[in-house]
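Asks: Sequence:
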Amino acid sequence: MKKIKKAIIPAAGLGTRFLPETKAMPKEMLPVVDKPAIQLIVEEAIASGITDILIIIGKGKRAIEDHFDSNTELELNLESKGKDEMLKSVKETNGLNIYFKRQEHPNGLGDAVHTAKSFVGEDPFVIMLGDDLMTDETPLTKQLIDSYEETGSSTLAVMKVPHEDTSKYGVINPAKEVSDGLYDVTNFVEKPNPEDAPSDLAIIGRYLLTADIFDILENTKPGKGNEIQLTDAIDTLNKKGKVYAHEFKGDRYDTGNKFGWLQTNIEFGLKHPEVSDELKQYIKDLAKKLD
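Going by UniProt numbering, the sequence shown opens with residue 1, and the numbers climb by one from there.
Warning: the hint list may mix true and false statements.
Listed next, with one range per pair, are the computed distances between beta-carbon atoms [unchecked claim]:
| # | residue 1 | residue 2 | range |
| --- | --- | --- | --- |
| 1 | Gln281 | Gly250 | 21 to 29 Å |
| 2 | Val275 | Glu137 | 21 to 29 Å |
| 3 | Asp34 | Asp69 | 14 to 22 Å |
| 4 | Lys117 | Pro162 | 32 to 40 Å |
| 5 | Asp34 | Gln281 | 13 to 21 Å |
| 6 | His163 | Phe119 | 35 to 43 Å |
| 7 | Ala287 | Thr186 | 43 to 51 Å |
| 8 | Lys221 | Thr186 | 15 to 23 Å |
| 9 | Phe119 | Lys160 | 26 to 34 Å |
| 10 | Glu73 | Glu164 | 46 to 54 Å |
| 11 | Lys83 | Thr16 | 31 to 39 Å |
| 12 | Glu195 | Lys117 | 22 to 30 Å |
Quick caveat, the hints were computed from the structure, so don't treat them as lab data. All values derive from a computational prediction rather than experimental measurement. All C-beta atoms in this analysis are idealised placements derived from N, C-alpha and C, irrespective of residue type, glycine included.
Can you build the whole structure from these sequences, using the hints too?
Replies: Written as structure tokens, this is what we have:
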């Protein structure tokens with residue numbers, strides 16, 4: 001069985017929900033305390049044993065490439081001033097096997113993934129969406145890899161969501177729970193109306209897929225939003241073979257909307273050694289003012 005060593009991070013979206021901030025800055029570069037959200041995704045990949053990462057970018061995303069490049073002038077400046085901790089933080093992303101490919105026209109997640117065909121080759125791989133930050137004792141990507149090593153099949157991460165929110169997600173129709181938190185799936189439905197949703201188990205931003213998905217994507221017609229939907233291709237893959245769903249029971253942070261991004265910064269800030277004490281006191285003082 002081939003080892004999972006490759007990851008795709010789609011980052012070609014326009015970030016319209018964060019305008020005007022994202023007019024010139026990629027949404028993926030918005031900070032979570034002191035790190036861009038996309039760096040936290042990369043760190044999860046590395047912690048899960050991934051060695052090669054392809055980031056799918058679009059027009060105006062050059063800042064992502066610059067972030068993962070070395071900055072010799074900055075590093076020499078910090079070194080000359082003895083700012084060792086700062087130097088360590090900016091060098092965290094140096095030396096990683098990170099590659100970039102441009103999606104010429106935004107045409108859905110399925111289209112973005114298809115552009116990575118030559119990078120993936122015949123290997124199984126993971127897809128990590130930049131809007132979703134996951135925390136658990138074992139990284140979610142590593143959980144999917146462990147599942148794949150047991151089943152040899154494609155596996156998606158799912159999580160229970162409020163039923164009224166199912167129209168925001170791809171949702172699974174579970175056939176049965178084959179083991180604790182691992183589901184055999186009848187079919188996958190892209191953004192169903194709540195009254196039509198087959199379950200409350202929604203696909204979240206981590207996928208482990210075999211290379212068979214690329215031939216399917218080539219023949220997948222536009223779906224919801226007139227875009228190539230990855231969920232539609234996965235549903236076809238499930239009919240030809242087997243796709244499992246792994247229920248994630250850790251913490252998920254959605255940075256793809258303004259409130260979610262603010263919430264993520266507060267919760268990550270409460271765990272950050274440099275600002276946690278001050279932030280806790282600030283929240284306490286603010287709560288008194290709001291009473």
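Asks: For every hint, state whether the structure bears it out.
Replies: Structure-based check of each hint:
no.: 1; hint: Gln281 <-> Gly250: 21 to 29 Å; result: holds (28 Å)
no.: 2; hint: Val275 <-> Glu137: 21 to 29 Å; result: holds (24 Å)
no.: 3; hint: Asp34 <-> Asp69: 14 to 22 Å; result: holds (19 Å)
no.: 4; hint: Lys117 <-> Pro162: 32 to 40 Å; result: holds (36 Å)
no.: 5; hint: Asp34 <-> Gln281: 13 to 21 Å; result: holds (19 Å)
no.: 6; hint: His163 <-> Phe119: 35 to 43 Å; result: holds (37 Å)
no.: 7; hint: Ala287 <-> Thr186: 43 to 51 Å; result: holds (47 Å)
no.: 8; hint: Lys221 <-> Thr186: 15 to 23 Å; result: holds (21 Å)
no.: 9; hint: Phe119 <-> Lys160: 26 to 34 Å; result: holds (33 Å)
no.: 10; hint: Glu73 <-> Glu164: 46 to 54 Å; result: holds (51 Å)
no.: 11; hint: Lys83 <-> Thr16: 31 to 39 Å; result: holds (37 Å)
no.: 12; hint: Glu195 <-> Lys117: 22 to 30 Å; result: violated (37 Å)
Hint compliance for this structure: hint 12 is the single one not met.
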